[in-house]
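Asker: For the protein sequence lines, the chains are R and B, in the order given. All residue numbers for the first sequence refer to the numbering used here, where the first residue is 32 and numbers rise by one. All residue numbers for the second sequence refer to the numbering used here, where the first residue is 32 and numbers rise by one.
Careful: at least some of the hints might be erroneous.
Given that identical chains are not distinguished, each listed pair holds provided it fits within a single copy or across any two copies.
Unchecked claim - Cut-off 27 Å, straight-line C-alpha distance, at most; resulting in silico cross-link-like pairs (BS3-like, lysine-lysine):
no. : residue 1 : residue 2
1   : K355      : K289
2   : K200      : K289
3   : K138      : K355
4   : K200      : K355
5   : K261      : K355
6   : K366      : K200
7   : K200      : K138
8   : K366      : K261
9   : K366      : K355
Treat the hints as calculated values from the structure; they're not laboratory data.
Protein chains: 2
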Amino acid sequence: MQRPYNFSAGPAALPEEVLRQAAAEMLDWHGSGMSVMEMSHRGREFASIYEQAEADLRGLLAVPANFRILFMQGGGLAENAIVPMNLSRGGVVDVVVTGAWSQKSYKEAQRYAQARVAASNADDRHTRIPPPETWSLSPDASYVHVCTNETIHGVELHTLPDLAALGSKAPLVIDCSSHILSRAIDWSRVGLAFAGAQKNIGPAGLTLVFVRDDLLGHALPICPSAFDYKTVADNGSMYNTPPTYSIYIAGLVFQWLKAQREGAAAGVAAMEQRAIAKAGLLYGYLDGSEFYVTHVDPGSRSRMNIPFFLRDESLNDAFLAGAKERGLLQLKGHKSVGGMRASLYNAMPLAGVQALVAYMREFAARHG
Amino acid sequence: MQRPYNFSAGPAALPEEVLRQAAAEMLDWHGSGMSVMEMSHRGREFASIYEQAEADLRGLLAVPANFRILFMQGGGLAENAIVPMNLSRGGVVDVVVTGAWSQKSYKEAQRYAQARVAASNADDRHTRIPPPETWSLSPDASYVHVCTNETIHGVELHTLPDLAALGSKAPLVIDCSSHILSRAIDWSRVGLAFAGAQKNIGPAGLTLVFVRDDLLGHALPICPSAFDYKTVADNGSMYNTPPTYSIYIAGLVFQWLKAQREGAAAGVAAMEQRAIAKAGLLYGYLDGSEFYVTHVDPGSRSRMNIPFFLRDESLNDAFLAGAKERGLLQLKGHKSVGGMRASLYNAMPLAGVQALVAYMREFAARHG
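From just these sequences and the hints, can you work out the full model?
Answerer: Encoded structure:
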């Protein structure tokens with residue numbers, strides 16, 4: 032039986048192969064006699080799961096050797112505090128406000144640092160990323176925070192800025208929660224990247240942090256030791272007990288990603304090609320439609336999260352009910368934006384987007 | 032086939048029925064077409080899982096209505112910071128040091144408050160809980176911290192103290208990570224209780240916090256909003272995305288607990304009877320043995336974590352290898368204590384302890 036297509040913005044769809052393997056291994060992982068949930072995080076079995084996951088992730092994203100990968104807890108919202116506790120030294124933080132998530136990051140950073148808004152798209156109702164050449168960067172910022180894909184507003188920064196060329200000496204911090212592993216990351220332009228797992232990686236409750244070596248060791252005294260990046264790094268993410276089962280599922284996703292191919296492209300490059308094709312299909316249909324509309328500026332459109340609206344919003348409930356009947360799930364937009372939202376993460380096949388567009392076309396024909 | 036008996040101190044064994052149900056529901060929870068991992072935390076399906084888990088837990092532990100139950104992340108080590116950030120108001124904190132875990136709590140609380148040692152069993156090498164009537168409590172403490180079961184040192188506080196009778200007006204904070212749900216909690220003597228899930232509840236990465244209403248709303252300004260108990264409580268543990276799959280597994284464990292019976296006892300009362308029987312069997316054998324020894328004072332012995340030693344420690348590796356051959360897993364002691372440790376959490380059946388004692392007897396006969 033065909034599983035439904037799940038367009039949730041997160042927690043989100045996972046590859047069916049991953050779920051099947053997790054189910055098959057639930058009672059006995061590789062002859063160990065234990066579920067992965069039952070293993071000591073310090074035992075040989077879990078150590079092998081952890082090391083494989085980290086190595087696969089490092090390979091998939093070509094993470095340089097001078098970056099540490101940390102497996103943490105708390106999600107993006109906790110990182111909004113953990114980053115300034117570790118990096119700000121109580122000084123200036125430049126925040127680029129591009130939507131709901133970076134707005135939260137700005138507000139939280141104010142607890143620990145002199146956070147300022149370097150740029151904002153609030154006047155555009157978060158539909159267009161402010162071009163980096165317009166950002167007002169401080170000469171003395173401890174870091175510059177950018178959310179490179181806004182899950183709620185559906186804007187994506189498609190090229191990471193060269194902060195040095197813009198006159199800033201600060202490291203760039205990116206919240207890439209909702210598009211990680213859908214495209215390459217230019218690490219030469221990044222000091223720290225973080226991502227909640229529950230969109231493109233695995234179960235909620237796991238947060239990945241990639242941090243350049245030289246940024247470790249500067250935490251404020253009030254930073255909890257469990258969230259001091261240096262403590263976490265020095266203990267191989269085992270200072271506190273890590274979310275072992277979530278790391279295992281993430282590892283299965285990484286193995287699935289490594290096996291993905293599109294022509295000559297593999298892994299993340301293959302996912303990027305698919306993301307371009309999937310998003311292109313839906314945007315192409317929306318742009319040609321008089322029944323639906325999307326408000327995001329074409330240059331800032333996210334490949335992952337696509338908010339759209341029925342021009343006649345009185346049909347919203349009928350649209351969602353019909354979608355559910357067709358096995359097209361979780362299309363309702365975020366309450367702060369309204370309308371619909373289709374999240375097209377890595378686990379969403381092109382066939383899912385084709386099914387969505389076919390349904391949208393049919394619904395429009397019936398009600399247009 | 033009989034699964035091995037897993038004596039891990041945490042992450043630890045789970046009931047086989049829970050694992051079987053999780054495996055069976057992995058691709059499609061109750062006809063939703065989704066794995067629980069794939070559900071929006073704000074959707075109807077997950078809301079029902081969450082509400083059931085909370086209600087079952089409240090029932091199992093008879094949690095009064097003036098306590099909120101929070102589903103958080105970070106484990107006990109993060110709570111060591113989160114508790115003083117929320118409760119200390121920067122004032123005095125009395126810590127009873129009973130082993131490795133409360134020692135960590137003491138050290139971490141110093142970041143946020145005037146933490147002081149109200150009592151310590153360091154001179155006894157953490158083998159005996161200092162009697163409450165010997166605790167030196169401050170007249171003005173914001174709270175008194177006690178770890179009611181020390182996982183590493185194997186000491187357990189069997190009766191919660193009445194702080195008011197000891198001259199303290201402060202609320203009692205208990206870290207009950209490693210014996211929660213193995214016995215009742217006298218909530219009239221508690222202000223806040225916390226427990227990492229990975230011992231007696233479910234997967235690592237979930238932390239349960241039970242907090243009395245009047246203790247909410249006093250967080251220090253530097254407390255991350257994701258860890259401000261009032262923010263978490265006001266948002267029904269959904270301020271940040273909760274560890275949804277771990278909550279689901281915990282919920283299955285709660286349902287399993289509700290179904291457990293020992294004579295007229297059910298749920299937690301049944302688990303307590305079993306814990307007494309299981310621990311009694313192992314301590315009884317140890318006390319009668321000249322081959323093995325345990326150093327914990329009889330009045331402070333933990334029912335959950337039982338460290339013991341072979342008198343001839345050169346036989347340790349042979350003991351562990353033979354145990355593994357018999358399907359008796361993860362018996363190696365914590366590195367700071369050495370020797371062996373058997374953790375007898377709720378998911379360990381009496382038959383597992385019987386098998387362990389039979390093996391110990393046989394090993395002693397062969398090598399004694």
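Asker: With reference to the structure, classify each hint as holding or not holding.
Answerer: Hints and how they fare:
For the homomeric pair K355 and K289, neither the shortest alpha-carbon distance inside one copy (32 Å) nor that between copies (35 Å) is at most 27 Å. In this assembly of identical chains, K200 and K289 lie within 27 Å of each other by CA distance neither inside one copy nor across copies; the values are 35 Å within and 59 Å between. For the homomeric pair K138 and K355, neither the shortest alpha-carbon distance inside one copy (37 Å) nor that between copies (53 Å) is at most 27 Å. Proximity of K200 to K355 under the C-alpha cut-off of 27 Å is found in neither arrangement, the shortest distances being 50 Å within a copy and 56 Å between copies.
Proximity of K261 to K355 under the C-alpha cut-off of 27 Å is found in neither arrangement, the shortest distances being 46 Å within a copy and 36 Å between copies. In this homomeric assembly, K366 and K200 never come within 27 Å of each other (Cα to Cα): the closest approach is 38 Å inside a single copy and 45 Å across copies. Proximity of K200 and K138 under a CA criterion of 27 Å is satisfied intra-copy only: 23 Å inside one chain copy versus 36 Å between copies. Only between protomers do K366 and K261 lie at most 27 Å apart by alpha-carbon distance; the minimum there is 23 Å, versus 38 Å within a single protomer.
In this assembly of identical chains, the alpha carbons of K366 and K355 lie at most 27 Å apart only when taken from the same copy (19 Å versus 54 Å across copies).
Going through the hint list in order, the structure does not satisfy hints 1, 2, 3, 4, 5, 6.
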